[in-house]
Amino acid sequence: MKSFGSVQALRGADFVLAPGEVHALLGENGAGKSSLLHVAYGMFPSDQGEVRVDGARVLLHSPADARALHIGMVHQHFTSIAALTVAENIALSAGSHAARQGAFRRVSGGALAPKLRAEELSVALRQRLELLKALAIGPRILLLDEPSAALAPSEIEALLAEVKQFAREGGSVVLVTHKLSEVFAAADRVTVLRQGVTVLHGAAVSSQSAATLAGAMLGASGRGAAAPPRTRSTGGHEVARIDDIVIRSGELIGVAAVEGNGQREMLRGVVGVERPSHFNIRVAPGAIGFIPEDRTTEGLIPELSIIENLLLGRENDVLWSRGGRIDWAAAKRHAIRIIQEFEIQASGPDAPVRTLSGGNQQKLVLARALQARPSILVAENPTRGLDLRATAELHRRLQEAAARGVAVLLYSADLDEVIELGERVLVVYRGRVSEAPVRADRQIVGRLMLGLGT
Amino acid sequence: MTRRQLLPLLTGAGALAAGFALLALGLAFAGYDAPRALGALWRGAFGSWDAFLSATLVRAIPLISIGLGLAIAFRAGALNIGGEGQFLVAAIAATWVGLQVGGWPASLAVAAVLGAAMLAGALWIAFPVLLKLKFGVLEVISTLLLNFVAEALVSYAVTGPLQEARHIYPASDPIAASARIPVFGGTRLHWGIVLTLLIAALLWMGFTRTAWGFRLRAVGTGSRAAKISGRIPVQRVLGSALLWSGALAGLAGGLEVSGVTLNLYQNLSPGYGFTAIAVALLARLHPLGILATGAFFGALEAGAQGMQRDAGVPAVTVSVVEAIVIVIVLLVEARARFGWRLRTPAAEPVP
Amino acid sequence: MNGALLVTGFLAAAVRISTPLLLAATGELINERAGVINLGIEGGMLAGALAAAIAAVAGGPWLGVLAALLTGTLVAALFSLVAIGARANQIITGTAVTLGSVGLTGGIYRSAFGVSGPALSIPTFEAVRLPVLHAIPVIGSALFEQPALTYLGWLLIPLAGWFLFRSWWGLALRACGESPVAARASGVPVERVRILATLAGGALAGIAGATLVLAQVGTFAERMTAGRGFIAIAIVVLGRWRPLGVFLAALLFGAAGALQFALQAMGLAAPYQLFLALPYLVALLALAGATGKARAPAALGE
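These protein sequence lines are chains R, X and F, in that order. 1 is the number of the first residue of the first sequence in the working numbering; add one for each residue after it. 455 is the number of the first residue of the second sequence in the working numbering; add one for each residue after it. 806 is the number of the first residue of the third sequence in the working numbering; add one for each residue after it.
Hints in this document: simulated from the structure, not taken from any laboratory. Bear in mind the structure is a predicted one, so any value in this text is a computation, not a measurement. The reader is advised that the hints may include incorrect statements.
Take a look, some chain X residues computed to stay more than 12 Å from chain R by CB distance [as the list claims (entries may be wrong)]:
no.	residue
1	464
2	489
3	493
4	556
5	557
6	589
7	607
8	610
9	659
10	672
11	680
12	683
13	686
14	763
Listed below are several chain R residues computed to face chain X (Cβ distance under 10 Å; list not exhaustive) [claimed, not checked]:
no.	residue
15	278
16	281
17	309
18	315
Ideal Cβ positions, reconstructed from N, Cα and C, are used throughout, including at glycine.
Make the full structure from the sequences, and use the hints.
What follows is the structure in structure tokens.
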């Protein structure tokens, strides 16, 4: 049994785990769920409060301490090492070469050959490797941090079944998620965090409904500013063509795919930063805006200021450039305009971008993408890591852009987002793109994502 | 002056002070008369007008030129550690051209010599640039290795094709009179100093006011974002930055031959290529700052000769001061980014 | 000249010249596999060489080796403090360390022995004949009649291989070099491992310097390492970060160095500067050719 007290990044969050249960930790992005897990796994010291295991207080200085207490963790982002083999990754986690034998016996699964390098595995198998690594230390407590983020619907089911089995055999599981469906599918009890505080302590899942949980997650204000219902616009002129799929101006098109199936190459082929071998892409001349997946390494230069980041890609724009020289005063004026128009919270246009919150950084990326009046806007997982309010705002701006005639291609690993926003849905599977039937629901698109046909 | 501007200056001053303190300690520990040695150091650099102009500033010129080139490269994130080799190869080229242009009008001759020097410097770094862009070879290693090849080349030149007519010494004949850069009356200081001042001013404008300077900075601080969001041709930017860096290091070699030594011999450079790294870093890659740090390290080198003459301390020990300066600047920068903790936190916080 | 004698002489020279390179490269291999590129290895080698010279004069060659080992470790410790402890840029830190080492060794040597004093007479290592093996025709006396430090270098190769690929700590070390974040999540003390790996590399660099003085050249001169430390780094690349590859690459460079004597013996005249430059040129070409398929540790330099 394990409990945490209040923690620095969390303002009074506590959590109690009982043996043999699957306990969901629910909250929207930014609520503090991951932080709580990191404290439990020794990755973060807590300023106040404490961690207790079996009633005794413990001090965790590093993951090694947590592992010594038989606490295992499956991280949100893969922590297997690409160049090492499956066997080596498991052995590394287990702490010795011998222990991995036990791990293998536990989870059989022919697809995971020991000599394969982690980078050669598919996404689902790599996730499985993460689980094996955590199990390799023979844990009593398993911490899962949004494990389903990159999986297709049926793969998620398989994972949850695995998790329930672990609990049936006596282990305890903390399942961090922001998806209500997973809570109801797999958890025995649920704790809800909102903005760093526990608002619902370990209630039995059977006693809750989607409404009560959503209410707890979002607070009395109810659902955050929901995206307005999409208006189905009839698309305008053709702006791009991928294989035989036509993209028209003013359309908001969702792209669904399991990671690693080629959607990235396709989208970046449209933008022009990559030349994909699989797809036949033709794009009408005109500016193309891009919101890349990783905003801190691909979208922005954190050390540089807002002004400078806005200049990225457009340093020769007539607004502030004359024959190779930059008029910084004009650039600054432009930056101030953008900050106001997009409501970016920052201490000023000279502020280094790393001082901005994730949501504001993303707004900056969007603003820059739109400032060139592009005909196409490509967005890769634009709402990842953003809280509900920031997410809703981004959705609104994307829809506004579409209404103004920009063709928006939105890829998200969150299937619900794709289906809700996209007037059309494209599915990429193994380097081939196809269009989902009109009004296709989650199940249908999910099957297409796995190549199973409708 | 804002706090942001004050900090690098304080850092620099602190680094220098620490370097000297450690030098003094080391000297005392080794049994030298530390105050006498430091006094000799000072006199060698600033003791008289002649010392200042003919010793300090003369040595500052190549340091500034190479340092400016390094500023371009470092700004883009490319590490040219081959300044020494580029300097030497350029000196060879400068000497050869200088021996040919006897009948030319002076300004043309000098231009030819310096032009050849810059070209040679750029060519010498071109191979590492190719290796980097095509094969991903770390330019640090390739430029470093070529330093040694350049030394061998100089040795070959002065004992072979370029050796003086009498074949006694391993040195070349003096270059033609028309190829020599005029000096300021009565001193050894030549007009090269004006050239470096001009280049520093130009570079400063370039860094802060042009799209080129912006692109350099973008590549140097976030090359991936520069490539993907900035649509900047990162490879091309890196390559050209390195080539310019080589050209400026080459210019230093040309200036040295045409303005100071007037011929070629072995050990032409007392490590200018490496000292220039300290020059550039200490000035935080600011072209005008490099004028100051270049002058300072020129003073150090000049003083070191004096220290060796008057106090018997080997001149080479100033390399230690340079190394300490580099390390302290690095430490301060690292601290600014990561804080003082010697051990990193257990994990990077997930955003 | 007798063909067999020529081959034997060439081989012997190649092995002798390769030994300091092999030792330094093996050390660098260890720390690069942990993710640390240490350009200070040149400085460590030079400092080790001086320490070996001074200590050997005082108390015999083995004392020289010990002094070199300690000195090399000390230099690496300074590097670690700045580049790993304070997380400063590894490349510039390494360059500064080498710069400082050149200055310090030059200063110490000159003040101790004068600017152009007579070459020190330093007790050196005798060749050790391995029983039976040295009698093999042609290659026997070349390969198996070498100073003890050469055999040490050879022994380290299978040891390094076993350590890196068969032991758990070697696995942990490699994990640090591929992904320190992932390694940390698995409980590996990344900074500690990296520092220890760098110290080990420094110790070997020091011994390499000792080998240069005590088993090859026989004396000390300023800047005598002449870039061997950097060549060691090229050897690691050429050897694709594997022990066996490093061994073969070091031999290749030994051969390049020995070429000078072989060609002279065969009566070929060429300016000696060509041979001076040859190892560096070979290193450059090797770097170009090698990085085609070589996989550097993913987190090298971070």
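Checked hints:
Consistency note on residue 464(X): stated as away from chain R, and its beta-carbon is indeed over 12 Å from all of that chain's, at 21 Å minimum. With a least beta-carbon separation of about 44 Å from chain R, residue 489(X) lies farther than 12 Å from that chain, consistent with its non-interface assignment. Remark: the non-interface label on residue 493(X) is consistent with the geometry, its nearest Cβ contact in chain R lying 43 Å away (cut-off 12 Å). Every beta carbon of chain R lies more than 12 Å from that of residue 556(X), the smallest distance being close to 41 Å; the non-interface claim holds.
Distance check on residue 557(X): its Cβ is at least 40 Å (rounded) from any Cβ of chain R, clearing the 12 Å threshold; non-interface status holds. Non-interface call for residue 589(X) relative to chain R: holds, since the shortest CB-CB distance, roughly 20 Å, exceeds 12 Å. The non-interface label for residue 607(X) is consistent with chain R: the shortest C-beta to C-beta separation is roughly 38 Å, beyond 12 Å. Chain R leaves residue 610(X) outside its interface by the beta-carbon criterion, the shortest separation being 43 Å against a cut-off of 12 Å.
Distance check for residue 659(X) against chain R: the nearest CB is about 9 Å away, which does not clear 12 Å, and the non-interface claim fails. Remark: the non-interface label on residue 672(X) conflicts with the geometry, its nearest Cβ contact in chain R lying 6 Å away (cut-off 12 Å). Chain R draws residue 680(X) into its interface by the beta-carbon criterion, the shortest separation being 7 Å against a cut-off of 12 Å. With a least CB separation of 5 Å from chain R, residue 683(X) falls inside the 12 Å interface cut-off, contrary to its annotation.
Look at residue 686(X): its CB is around 8 Å from the nearest CB on chain R, not clear of 12 Å, so calling it non-interface is violated. The claim that residue 763(X) is not at the interface with chain R holds, since no C-beta of that chain comes within 12 Å of its own (minimum 46 Å). Checking residue 278(R) against chain X by beta carbon gives a least distance of about 20 Å; that is not within 10 Å, so the hint is violated. Evaluation of the residue 281(R) hint against chain X yields a violated restraint, the C-beta minimum of about 17 Å exceeding 10 Å.
Hint status for residue 309(R): holds, given a least beta-carbon distance of 8 Å to chain X, under 10 Å. The interface hint given for residue 315(R) holds, since its Cβ lies 4 Å from the closest Cβ of chain X, which is under the 10 Å cut-off.
In summary, the numbered hints that this structure violates are 9, 10, 11, 12, 13, 15, 16.
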